[in-house]
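Whenever a hint applies, use it, and build me the whole structure from the sequences.
Top line first, the protein sequences correspond to chains A and B. With full-length UniProt numbering applied, the first sequence covers 1 to 356. With full-length UniProt numbering applied, the second sequence covers 1 to 346.
To be clear, the hints were calculated from the coordinates, so they are not data collected in a lab.
Only pairs whose alpha carbons sit at most 30 Å apart, straight line, appear in this in silico DSS-like list of lysine-lysine:
no. : chain 1 : residue 1 : chain 2 : residue 2
1   : A       : K229      : A       : K74
2   : B       : K62       : A       : K333
3   : A       : K333      : B       : K202
4   : B       : K267      : B       : K62
5   : B       : K267      : A       : K229
6   : A       : K17       : B       : K131
7   : A       : K17       : B       : K202
8   : B       : K131      : A       : K229
Okay, here's what each chain looks like letter by letter:
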Amino acid sequence: MTSISSASPGLSQNDPKNRLFGPLPDVSAEAGYVEEHPKRVGFFTDTSVCIGCKACEVACKEWNTLPMDDADGKRDAIGMSGMSYDNTGMLGANSWRHVAFIEQTRVVDLPMPAVGLPGAKNRPDVPQLGAPDTGDVDTTAKAQASVLNAEALAEFDPQTGQTGADKQIRWLMSSDVCKHCTHAGCLDVCPTGALFRTEFGTVVVQQDICNGCGYCVPSCPYGVIDQRKDDGRVFKCTMCYDRLTDGLQPACATACPTQSIQFGDLDELQARADARLATLQEQGVETARLYGRDEDDGVGGAGAFFLLLDEPEVYGLPPDPVVTTRDLPAMWKAAATGAAMMVGVALSAVLGSRRR
Amino acid sequence: MTQGITTPGAGWRRADGPPAQKSQKRRRKGGRRGRNAEIAMVDEAEFTSYYGRPIIKPPVWKTPDVPLYLFLGGAAGSSAVLGAMADLSGRPALTRAARLVAGGGSIASVGFLIHDLGRPERFLHMLRVFKPTSPLSVGTYILSPFSAAAGATAAVELLGWFPRLKRFGGIVGGLFGGPMATYTAVLLSNTAVPSWHEFHTKLPFVFAGSAMAAGGGLCMAFTPVEEAGPARKMAVAGAALELAVVHQVENDESIVSEPYHEGRAGKLMRAARTCTAAGAGLTVVAGRTRLGAVASGTLLAAGSLLTRFGVFDAGMASARDPKYTVVPQRERLAARENGHAPSVSR
Chain A
1 MTSISSASPG
11 LSQNDPKNRL
21 FGPLPDVSAE
31 AGYVEEHPKR
41 VGFFTDTSVC
51 IGCKACEVAC
61 KEWNTLPMDD
71 ADGKRDAIGM
81 SGMSYDNTGM
91 LGANSWRHVA
101 FIEQTRVVDL
111 PMPAVGLPGA
121 KNRPDVPQLG
131 APDTGDVDTT
141 AKAQASVLNA
151 EALAEFDPQT
161 GQTGADKQIR
171 WLMSSDVCKH
181 CTHAGCLDVC
191 PTGALFRTEF
201 GTVVVQQDIC
211 NGCGYCVPSC
221 PYGVIDQRKD
231 DGRVFKCTMC
241 YDRLTDGLQP
251 ACATACPTQS
261 IQFGDLDELQ
271 ARADARLATL
281 QEQGVETARL
291 YGRDEDDGVG
301 GAGAFFLLLD
311 EPEVYGLPPD
321 PVVTTRDLPA
331 MWKAAATGAA
341 MMVGVALSAV
351 LGSRRR
Chain B
1 MTQGITTPGA
11 GWRRADGPPA
21 QKSQKRRRKG
31 GRRGRNAEIA
41 MVDEAEFTSY
51 YGRPIIKPPV
61 WKTPDVPLYL
71 FLGGAAGSSA
81 VLGAMADLSG
91 RPALTRAARL
101 VAGGGSIASV
111 GFLIHDLGRP
121 ERFLHMLRVF
131 KPTSPLSVGT
141 YILSPFSAAA
151 GATAAVELLG
161 WFPRLKRFGG
171 IVGGLFGGPM
181 ATYTAVLLSN
191 TAVPSWHEFH
201 TKLPFVFAGS
211 AMAAGGGLCM
221 AFTPVEEAGP
231 ARKMAVAGAA
241 LELAVVHQVE
251 NDESIVSEPY
261 HEGRAGKLMR
271 AARTCTAAGA
281 GLTVVAGRTR
291 LGAVASGTLL
301 AAGSLLTRFG
311 VFDAGMASAR
321 DPKYTVVPQR
331 ERLAARENGH
341 APSVSR
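The following block contains the structure:
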């Protein structure tokens, strides 16, 4: 077995209706909504215009009355994550939106003095650039002038990276959320039926049913859903199911000031995202890519998808998520063989032993 | 991998905090490493992560509840199979011991399973639906009839009532015994936990072997030696199967077999191997003496128990380190791009 084997061949031929993986044109109908049902809705999170304001996080916490927790999901604790500006840390039972902050530097080959992180020059892992600070007042003054130069700042567009000067820091910010997958691992494995597919094509936990078995937690390839330790049940984004049924937009999308979080019918959002990607690529942003948009990916496409400016794992997203239920028939086959082996061994042991 | 905002490879890298690109030494060889053995450092697995934080959530299952559940379910399942056959072939002492192990193990395993729930009082919610896509749901419908049958059989065995009903109960238990022992492997494999899911076709055999070693070992220890022949044979066969498949898992070239021979999980797996191998050897040499049967049975059960803890721990370790999520997925993407093994129609 090689490392690529988890893209298991198992069933690609035996799942013609894409019940376990692959694209599904109508998730709600597949889930049993035979009557006329609303179109599938979703989020398109365009991280190229995210400013990291965390309005989405706050709106989500307020609307859904989520308890406070620290970066490791510990309830009622204030804690510094010790990284960047991100003290939310991760998605979890109490954080259904999480703004990731990635601070990056790079060497700029310009004959300009360094304007870097405080103390950066003492750090061996941060590349040295330009003229070292030799106490030269003139150089330092120039550096300050350069920083405070509004014109230079205006020239710097952090999203396209068109640097006019010696900028060597950039921020990637991205508001992460439950992906509401076409084939949701959490939904597949829930043994109580607490997790269900709504008429909007989203995936929601029924809190009066969940018995806290915890199976959904490791089954999510994105690490979204989590258990509240003191409560016992699991919680995750509902895409504001209550608001949707009243014809409102989810709280996060409503609060987003830059339209980084866009809510709407999924097909419309996909078209919009494709157009946005084309625009960015036209402007020379070669690293822009859509994440979760591809319906042929391991989860059959996501209901909440993203426009990223770097590799997914930089944002804490898995580069090639897969719904493990895809391999379920192969697993059951092995389990049945194992069980049959047990019976065979026991039978031959009984038959092969002398009775006294 | 952290690349330019406009052009790939423009030199952007993590500004602060832990290094964005962690160079991890990748071990190809694990398994049988002695104290002075060389660790072959083959190629380095470079990967990027978000401040080194895990991508998937580690299971919230409690330990020792869940590993104990795996062990008891396995031991009970294989004992029930053995008990039903011993009953049909006329071995009353072995039948009695097997039924008691099966009944006790199954009832205790149900207890551990319920105790592990976040809301134990809602355990009956498991029975409100049947979901073929959920191994836990399928498992509930294996565990429920199994524990009912095995538990009732053990109870009437102790009380000495209803001999015919006892035989029927024993056979029902025997029918569900095999699935009971192996479904738990599917339960673990059908998660995004890298070191479990990667071996989804192997873990069922590990669990089947481990179950037979434990069930055979326990039955052997509680049965007079002259009737315990089948238990000894099952125990040795199970131990051999377990050792063979665990060896494959531990020595796989994939990075996700690493957690099986590193850290706490590695220690547990090594201890498990020692116990299982010693138990199997002792069974062959001294299994026909009372003392030998008890000692080897105990060793085999301990080996099985340690295997469950080891497998559980390895999975937890692989979930906590983003390396095990990112590196295999990157390799998969690269393989797909290079055109080989696009094993799923994409």
